[in-house]
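K.L.:
Residues per chain are reported as follows:
There are 2 protein chains.
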Amino acid sequence: MTYCVAINVKEGIVFASDSRTNAGVDYVRTSTKMHRFFWPGDRIVVLLSSGNLATTQAVVNAIERDLDTPKAKFNLLKAKHLFDIADYVGELSKQEQQHHGPAVEKNGGSAAASFILGGQIKGREQGTYLIYPEGNYISSSFETPYLQIGENKYGKPILDRVINTESSLNDAARCALVSLDSTMRSNISVGPPFELAMYTGDSLDEPRQASMKLASPYYKSLQKSWNEGIKRAFTRLPKFDWEK
Amino acid sequence: MTYCVAINVKEGIVFASDSRTNAGVDYVRTSTKMHRFFWPGDRIVVLLSSGNLATTQAVVNAIERDLDTPKAKFNLLKAKHLFDIADYVGELSKQEQQHHGPAVEKNGGSAAASFILGGQIKGREQGTYLIYPEGNYISSSFETPYLQIGENKYGKPILDRVINTESSLNDAARCALVSLDSTMRSNISVGPPFELAMYTGDSLDEPRQASMKLASPYYKSLQKSWNEGIKRAFTRLPKFDWEK
Chain C
1 MTYCVAINVK
11 EGIVFASDSR
21 TNAGVDYVRT
31 STKMHRFFWP
41 GDRIVVLLSS
51 GNLATTQAVV
61 NAIERDLDTP
71 KAKFNLLKAK
81 HLFDIADYVG
91 ELSKQEQQHH
101 GPAVEKNGGS
111 AAASFILGGQ
121 IKGREQGTYL
131 IYPEGNYISS
141 SFETPYLQIG
151 ENKYGKPILD
161 RVINTESSLN
171 DAARCALVSL
181 DSTMRSNISV
191 GPPFELAMYT
201 GDSLDEPRQA
211 SMKLASPYYK
221 SLQKSWNEGI
231 KRAFTRLPKF
241 DWEK
Chain D
1001 MTYCVAINVK
1011 EGIVFASDSR
1021 TNAGVDYVRT
1031 STKMHRFFWP
1041 GDRIVVLLSS
1051 GNLATTQAVV
1061 NAIERDLDTP
1071 KAKFNLLKAK
1081 HLFDIADYVG
1091 ELSKQEQQHH
1101 GPAVEKNGGS
1111 AAASFILGGQ
1121 IKGREQGTYL
1131 IYPEGNYISS
1141 SFETPYLQIG
1151 ENKYGKPILD
1161 RVINTESSLN
1171 DAARCALVSL
1181 DSTMRSNISV
1191 GPPFELAMYT
1201 GDSLDEPRQA
1211 SMKLASPYYK
1221 SLQKSWNEGI
1231 KRAFTRLPKF
1241 DWEK
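Here the protein sequences line up with chains C and D, keeping their order.
Taking our numbering, the leading residue of the first sequence gets 1, the next gets one more, and so forth.
Taking our numbering, the leading residue of the second sequence gets 1001, the next gets one more, and so forth.
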């Protein structure tokens, strides 16, 4: 399983992802689910992936192949809008699923994959898109500035309670880490290291990047602080009438 | 959708459920999902239900029909163990699903239903069981003292962080309400009034019961306190190195 989230606030965009691809007891493998394509000053593109690993890797390979092919009909450098890239990723994903899907399904599997795309192209607004396995996509909104793929439910309540478009980039990053931590505690198939990328809106600079292992000092202090904070909030809840 | 949770702590058992059965825009209907069968001094049985409403109502009707039939092969009063009742509810549910399932599935629906059963029979230990649509069942454990049915993921992180078998009955009840509140915020198809039943272990007394509407003073103060507590915990999270 996977959990990825992107938070699109006024100050910029936070991307966060776990790294677990197989949570079998004796075969735990990790693989990055955050794919980075940076041309500072011109365009910053981050892609988070969830679902069939062969599909998501094939899509990333195709993106790279098109970038190496100056005559390619389309590639990340030829895109005028971020949503053109969403369209393109959706098409690549659909093609790959059509290619291998029937064989995978025969064995009870699924070739389906979902993506979150985010970043900015010079002269355009920053944005984030969720690309469905069917190839269509939606963007985040003012009311719901975050998008999630994979095991998204455990980590949603904290986003709903804390995040809005005015949240700072650092706060959004902390919230993404808490959201990942809550998911990991409730579902063993989501696991560290957690990858974080923070893009400052309109900078067209490379995002700040961090990788958090369970033993990372910052992650440990965040976990401890959050656990204590939750317990404090819980002990302060009002008493029932019959307790008074 | 539905969300029900039962928490089995040393001090007793908390049962909590939402009441929304249809969250359509112009046809919001509520119905109780908590079914009570009390014989104080002898046995206390609470049943929480999720899934196809016709199936769950038919199961409750069958339970009542058997109670009115002294010659019934089995009924709640004839049970020696709580797990006998789990078995019985599972059978009733399976029969009902087999009866109507094919017709319901023809129209793209599902007759499936899940239940949480809990309570105590004189001379036996208190207990809780989750009864699957297939009719089989599991009990809660020391490590995981709660059971959930329906839309269970949004409300799980708070249970994982706060509840253990040493939690007081009142704390378990507060946690169940916070878990319901988090679920309602993240999924519009789960809604109030929330019903609460608190059974004191070994008392064989009727559980304490409460119904919480959005406007109930206690529920409002709980919501406010929790929201503030979460926000306080969030603002106290450690700063990143680059913020210092």
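One or more of the hints may lead you astray.
[Said to hold, decoys possible] Okay, the calculated beta carbon distance ranges per label pair: (1) D/ASP1068 x C/ASN164: 54 to 62 Å; (2) C/TYR132 x D/PHE1074: 43 to 51 Å; (3) D/PRO1217 x C/GLY108: 48 to 56 Å; (4) C/ASN136 x D/LYS1106: 43 to 51 Å; (5) C/LYS224 x D/ILE1188: 28 to 36 Å; (6) C/GLN57 x D/LYS1213: 34 to 42 Å; (7) D/GLY1041 x C/LEU214: 34 to 42 Å; (8) D/THR1144 x C/THR32: 43 to 51 Å; (9) D/ILE1188 x C/ASN164: 15 to 23 Å; (10) D/GLY1201 x C/ARG232: 54 to 62 Å; (11) D/LEU1214 x C/LYS80: 29 to 37 Å; (12) D/GLN1057 x C/HIS100: 41 to 49 Å.
Calculated from the structure, these hints are not laboratory results.
Quantities reported herein were computed from a predicted structural model and do not represent experimental measurements.
Heads up, the beta-carbon is just placed ideally off N, CA and C, and yes, glycines get one too.
K.L.:
Would you mind marking each hint as holding or not holding in the structure?
P.N.:
Consistency of the hints with the structure:
Restraint check, D/ASP1068 to C/ASN164: a C-beta distance of roughly 55 Å satisfies the suggested window 54 to 62 Å. Evaluation of the 43 to 51 Å hint for C/TYR132 and D/PHE1074 yields a pass: the beta carbon distance comes to about 48 Å. Roughly 52 Å separates the CB atoms of D/PRO1217 and C/GLY108, a value that falls within the hinted 48 to 56 Å. About 29 Å separates the C-beta atoms of C/ASN136 and D/LYS1106, a value inconsistent with the hinted range of 43 to 51 Å.
Between C/LYS224 and D/ILE1188 the beta carbons are some 34 Å apart, a value that agrees with the proposed interval 28 to 36 Å. Against the hinted window of 34 to 42 Å, the Cβ-Cβ separation of C/GLN57 and D/LYS1213 comes to about 51 Å, which falls outside the hint. Range check, D/GLY1041 to C/LEU214: about 51 Å between beta-carbon atoms, so the 34 to 42 Å window is missed. As the Cβ distance of D/THR1144 to C/THR32 is approximately 32 Å, the hint placing it in 43 to 51 Å is violated.
Range check, D/ILE1188 to C/ASN164: Cβ separation about 19 Å, and the 15 to 23 Å hint holds. Look at D/GLY1201 against C/ARG232: about 28 Å separates their beta carbons, and that is not inside 54 to 62 Å. A hinted range of 29 to 37 Å for the beta carbons of D/LEU1214 and C/LYS80 is inconsistent with their spacing of about 47 Å. Between D/GLN1057 and C/HIS100, the C-beta spacing of about 45 Å keeps the proposed range 41 to 49 Å intact.
Of the hints listed earlier, those the structure fails to meet are numbers 4, 6, 7, 8, 10, 11, in rising order.
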